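Produce the entire structure from the sequences given, and follow the hints as far as they go.
Each protein sequence line maps, in turn, to chains A and B.
Note that the UniProt record's numbering numbers the first sequence so that position 301 is 301, with each residue one more than the last.
Note that the UniProt record's numbering numbers the second sequence so that position 114 is 114, with each residue one more than the last.
If you're looking for bench data, these hints aren't it; they were derived computationally from the structure.
Just to be clear, a hint being listed does not mean it is correct.
Claimed, not checked - To give an idea of the interface, some chain A residues facing chain B are shown, with a C-beta separation under 7 Å as derived from the structure:
1. 87
2. 91
3. 102
4. 105
5. 256
Fair warning: this is a prediction, and the values are worked out from it, not measured in the lab.
Quick reminder that beta carbons are idealized off the backbone N, C-alpha and C, glycines included.
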Amino acid sequence: MTAPPPLLEIRGLRKSYGTRPVLDGLDLVLPPGIHALLGPNGAGKTTLIKILSTLLPHDGGTVRVLGLDPRRDRRRLQGLLSLTGQFAAVDGALTCTENLEMIGRLFGLPGSLARTRAAEQLERFELTRARSTRAATLSGGMRRKLDIAAGLLSRPRLVILDEPTTGLDTRSRQVLWEEIRGLAAEGTSVLLTTQYLEEADALAEQVHVLDRGRIVAGGTTQELKALVGGAVVRILDQDGAVLEELATTGTAPDLAARLAEAAHRFPTATASIHRPTLDDVFLHLTEAGPSADPDGAATAPSVAPVRV
Amino acid sequence: MSALAPAAPALHPAASAEPRAASFLTGTLVLSRRSLLHSFRDPESVLMAVLLPVMMMLIFVYVLGGAMSVGDGAPSHGEYLAYVLPAIALTSAGFGASFTAVVVSNDMTTGLIDRLRTMPFPAVTVLLGHTVASLVRNLLATVVVVLVALAVGYRTDAPLLSLLGAFGLIALWILVITVVFATLGMLAGSAEAASGYGFILLFLPYLSSGYAPVETMPGWLRAFAEHQPMTPLIDAARALMDGQAAGADALVSVVWCTGLITIALVVAGYVFPRRTSR
Ligand SMILES: Nc1ncnc2c1ncn2[C@@H]1O[C@H](COP(=O)(O)OP(=O)(O)O)[C@@H](O)[C@H]1O
Ligand SMILES: [Mg+2]
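Rendered as structure tokens:
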């Protein structure tokens, strides 16, 4: 028995708009699972997503999605994935049910099956009561839920979500996160892009950071946090005001030593330990990191090798 | 560091099946239905498509008809009504089809087209759907115009076959102008720009033999009027509606229409696969 192909296998991917390179020799190999692609605005996330989902041809390098080439095996790949893009892809003039049935029919489902699936998805995303409401009049959160429901209707092997929760309120975001976790439990793979580190942290087994057209780091969120290193001991007075912040390597002996020292200097103070957040990682990699060097003539001091 | 490759999860039961794909026909039917729903859920645009040509016809006939001598005898409202009816039908086709530029442009600038293009069916059926809806809308408007014309006294003793011929020419023009507008909608950066470009085309029927004989126009305008597609189309439709032979005008009209639709399709065929939303 041959092993299933990786979810993604990208080597030396290049893409320019005109003469401006957007993806610049990108390498990324991912196993099935939930993956987050993290990057600031303009990093090239949407461009990459469009290439993977057969919307845009790439200029160079090799791309395999579920073992298929988005250019040569376009139709086959299209039957296996679904894209829910950055901007809601629902038809405002149609009702929720009509939107879902239309997508089902266009995926080649017979009418009766499209109807059943549409009803199922409405139920799942708590949209049943709004089934006859035109999509244009839904709230932003509901429209996004409908949008994502449409993306799941065909039961794809790979669900691609481009910034799925941008602009959503906390509650809607939580509902979506639950659904995305549920997908993974069903064996569907998910590739999502996000600017929210919290989101990548909450959902993904692996996070890759895209900056200026390259993957600059990747791994589990724990591994990414380890890149920034250490932990900070924060010394607080009784009112909770920060008296001092002590950098540590994050190891137990070092922490103990710093705490002992703090206890000696501030006998009545309280202390707390802070692990770096993904926000720290993000800033570290995309601003202070090597790619922030305008000439691109960078050294890569603290960035771990990209895991592929 | 932990091992990164998790055990490959079981595939979704239904996901391992060979993917299906909707056929060209299914795509066209489903998306025509969608476009028709769009039209009829925007009652104002339907109302405009029907009301504008009717009002125009009544204004032309009652304001100008009494002063215009288009036949051999003295000016008469009835005679002018018969004279302008084909032009009114073609002008209203332009109004109705310009809606297509807007909806196509909207489709191109929202996320929906991206999703449709990643699905396993021919995405160009989106445009076909809009075209079918435009044909339905405009034929409806044409029928209403003719009914109102009959109500205010239009009569003809042309044989049915001739009338069908005239109707066919008008339907052909609706198709041409719809495809042209759909292409403009794709080229335009926004729906507003799309309807702006369309506005220019809406003037074509006025600069033809539609509302006044070209012989009465100054030389330069007459030269233009005689060499644009509206004049042979209108002359042919008018002759047929009067029960006469359309002659060379019908042939010239068909050549014009075929040429225009070919150009529009070639441009659309080039632009459509390259347009994705930004
Ligand atoms: N169609 C296009 N034509 C020209 N430039 C583009 C186009 N699409 C994106 N870009 C540019 O490419 C860069 C990457 O864009 P994008 O992939 O959308 O980034 P992200 O999704 O990470 O914000 C940006 O600088 C953007 O302005
Ligand atoms: Mg983006």
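For each hint, the structure was consulted:
1. The beta carbon of residue 87(A) comes within 4 Å of a beta carbon in chain B, closer than 7 Å, and the hint placing it at the interface holds.
2. For residue 91(A), the shortest C-beta to C-beta distance to chain B is roughly 6 Å, which falls under 7 Å, so the interface hint holds.
3. With a cut of 7 Å, the hint placing residue 102(A) at the interface with chain B holds, because the nearest CB-to-CB distance is about 6 Å.
4. Look at residue 105(A): its Cβ gets to within about 5 Å of chain B, closer than 7 Å, so that hint holds up.
5. Interface restraint check for residue 256(A): the shortest CB-CB distance to chain B comes to about 24 Å, outside 7 Å, so the restraint is violated.
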